[in-house]
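Residue numbers (the numbering used here), protein chains in the order written: chain A, 1 to 337; chain B, 1 to 337; chain C, 1 to 337.
To be clear, the hints were calculated from the coordinates, so they are not data collected in a lab. Honestly, I wouldn't trust all of these hints.
Identical copies look the same in the list; a pair holds intra-copy or inter-copy alike.
Quick list of in silico lysine to aspartate or glutamate cross-link-like pairs, EDC-like style, CA-CA up to 20 Å [to be verified]:
no., residue 1, residue 2
1, K326, D302
2, K266, D331
3, K104, D302
4, K166, D231
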Amino acid sequence: MSDPINTCPIQLTDAGQLRHFLTTEGLPRTLLTEILDTADSFVDMSEQQVKKVPLLRGKTVVNLFFEASTRTLSTFELAAKRLSADVLNLNISTSSTKKGETLKDTLMTLRAMHSDMFVVRHSDSGAAHFIASQVTPDVAVINAGDGRHAHPTQAMLDMLTIRRHKGEFEPLKVAIVGDILHSRVARSQIHALRTLGAAEIRVIAPLTLLPRNIESLGVKVFTDMARGLRDVDVVMMLRLQKERMESALLPSESEFYKLYGLTNDKLAFAHPEAIVMHPGPINRGVEIESAVADGPRSVILDQVTNGIAVRMAVMSMAMSGQLADKNTSADADNLNA
Amino acid sequence: MSDPINTCPIQLTDAGQLRHFLTTEGLPRTLLTEILDTADSFVDMSEQQVKKVPLLRGKTVVNLFFEASTRTLSTFELAAKRLSADVLNLNISTSSTKKGETLKDTLMTLRAMHSDMFVVRHSDSGAAHFIASQVTPDVAVINAGDGRHAHPTQAMLDMLTIRRHKGEFEPLKVAIVGDILHSRVARSQIHALRTLGAAEIRVIAPLTLLPRNIESLGVKVFTDMARGLRDVDVVMMLRLQKERMESALLPSESEFYKLYGLTNDKLAFAHPEAIVMHPGPINRGVEIESAVADGPRSVILDQVTNGIAVRMAVMSMAMSGQLADKNTSADADNLNA
Amino acid sequence: MSDPINTCPIQLTDAGQLRHFLTTEGLPRTLLTEILDTADSFVDMSEQQVKKVPLLRGKTVVNLFFEASTRTLSTFELAAKRLSADVLNLNISTSSTKKGETLKDTLMTLRAMHSDMFVVRHSDSGAAHFIASQVTPDVAVINAGDGRHAHPTQAMLDMLTIRRHKGEFEPLKVAIVGDILHSRVARSQIHALRTLGAAEIRVIAPLTLLPRNIESLGVKVFTDMARGLRDVDVVMMLRLQKERMESALLPSESEFYKLYGLTNDKLAFAHPEAIVMHPGPINRGVEIESAVADGPRSVILDQVTNGIAVRMAVMSMAMSGQLADKNTSADADNLNA
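Using the sequences provided together with the hints, build the complete structure.
So this is what it looks like as structure tokens:
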């Protein structure tokens, strides 16, 4: 599980402000906490009659989706609109590539249109990082999922959900269950949980769905639900990415469900007040039993609500950082001139 | 023509306000009149320089189209934007179902995003009603056409058009012509016309395109245009839903046109000041002759204009009702706590 | 190169204001200059923190694209949103034509929805002009490219780019290079350059890609880059419209590149301070060498930035003209009544 995009200094301005949001890895705890605090205020706002603030008024947010995802696109579109941004949705696979334009030309063109922010979804690991490297300091980039690498807004909405239900991270035992190997979500969750100081992070999966050297990320590995779930405070289920799965890795969906699907029987191993999470969309009867998904310990719909708030938080914070950074660059240019 | 969703009490709050708009059936005359009065004010507004009011500012309207309809979607999208709502268009057939999510999960997810209103189009009769039952009291639902069941905003824009041209409903003889069997529009029109007190409602169609027991709705049945159109004040043509028509029901388009297509010759049977209506899009030379569609008695384009106003009216009224209802529910929860 | 839509008086109100923007041909120099001056102010605005003005607030702009073009659509969508308009994107090929509606019915329906402006893209020459003739004076029409006829906003963004880099037009020698035959862009550029007073306009192309009688437009014809580019101040490359090209006209892409592709070697024939332009998207290695496209004399990305500003300019000007015109018509109606 070596990662070529390790610490990602490009995410922060020289003054330490968020400028892009590409990965949870390497971000300081104070910054993750600032994201959660800001998101908390947006959760409150979304219960108001007028769910709208002018923080991104007159700004242009481009949803640059190279990989289709209606659900993720919708959350970013709503978050941007509730921040009063002008929003442009671009499904890139069906447009400029048809006319043979290179990715870089597409990026330079969108930047020249005075876009302020790209929300990027791409099937290649590192794509958001590459794009950020091309458009800094003019455009802020939010990673909405890149290959197997990272899905940092998903991880942060999970952290927000945990904090709102459990308070502090320090005492928590957290288990991440399922297809760790293909999951950008799991990677981002592990980095965030470690930084925020969770007591113990466990991953539970069959050996075929575990990356090599996963222990190096600071997690305990289990291949058995009974032992892995024992006394945990948080159970984070992953989606079975059927579309990403090579044929040989799994015997069958029903076999997976039997061993790793979260049922009330298996949930009994966890702490009696454990919460159950899932990034959605749920495959009922594959990763999770309906009785659990819809049960009293499920916080799955809270995750959705918190997802809008977290996206509003990182979008407004990255826009502030990008703006501060652009002004600094301009000042530096003036001094050098 | 038995109807499992008969009176639909879910549409109204306990205080009698509109909360969803699912069907014209069973709604009291005062409420239909309130819709028409409110829509009248929006017709006036749409002639102003700035066609925009802040009634839905900070609200999220999701156009949830399980069945494609560019024209209907456009009218709802424009109506929502002129009410200052944030709008999300979702074509459901091509998104979450692909990932295997259930309809209910999609609804719960959208509700958790703090959506305030769903505009629903679906090929199944009763779909809008089912969706409303799942999301009350958090989300207001507007039916934009469900199967053969209802298309209530179409019916109300027709009522508005009749009232603006003819004044009172009581003295009017109205004929509905065409494919009654497959038409959700006809059902909604008949309910609205009865409630608003039209003197006489006629349906004119070949026997193969008439539902059984249609007389139980309080209409007179004709299979012949000459007799059916005699002295009517309003002629409401229906679309020939080619895509819905089973092969055996109709001999051919030209045969249909010969017998039921509205030509100036046939229109001569009606009252000399009769108006001609059609929900659009028109099949020229199939349901209607161009000379009639574009002639002095056609009010087809008025229907389009009135359609935006009626949609703005029911959207703003349902939002008020849903809001009042949500507050009442919250109060009740507090009392019970 | 005879042109059935020659002078296009429909574009202007009786008072000489822009009402539609269909072609650069026949427009007076004062008006083209007004467009450039207005666009200049929008370029300045787009560098501000809040890139938004309320000029089209409460107005409905419909992007009516009969031919897909993500890039052009995006620029018009952004321009409209930065003018605070409500925007509706309609891809017509996939919607109403499917239900058999005629173009005219579609137009009348959209007009009846109180649309204020259509941005029209169509594969037929003259389509925007026809549409304008149908909806005057209620709706302003902006031509976003019609067949081989015109692409006037592209031409005006090119003019703005030239003026911002070179100042006055009078002393300039300008070369247009590539597929002149199929290019609506070239036609619109030639008309604009002549009206604005450029000293010399050259076209450079193989004989097979030159329209007959092109000289009648007031240009000098070259089939050779070395002679055609000599001492020019501006090199305007065209896109090779592969999708429009009949098989027999060109030997091959590499053959074209060898003879007409803009390389630094060929650019050496031009004036040392010549600027290089291209409407995008670029086919690198077909029309232009990467070293030129990304080099110090390329102003290709300025064209993109100026494109938003020019679109905002013509949209706001046409809306003013259409409004003045509508009021005049209404006054005339009142006088006649």
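Quick rundown of the hints versus the structure:
{"no.": "1", "hint": "K326 <-> D302", "in the structure": "between (36 Å within a copy, 19 Å between copies)"}
{"no.": "2", "hint": "K266 <-> D331", "in the structure": "neither (59 Å within a copy, 38 Å between copies)"}
{"no.": "3", "hint": "K104 <-> D302", "in the structure": "between (38 Å within a copy, 16 Å between copies)"}
{"no.": "4", "hint": "K166 <-> D231", "in the structure": "within (14 Å within a copy, 73 Å between copies)"}
Of the numbered hints listed earlier, the single one contradicted by the structure is hint 2.
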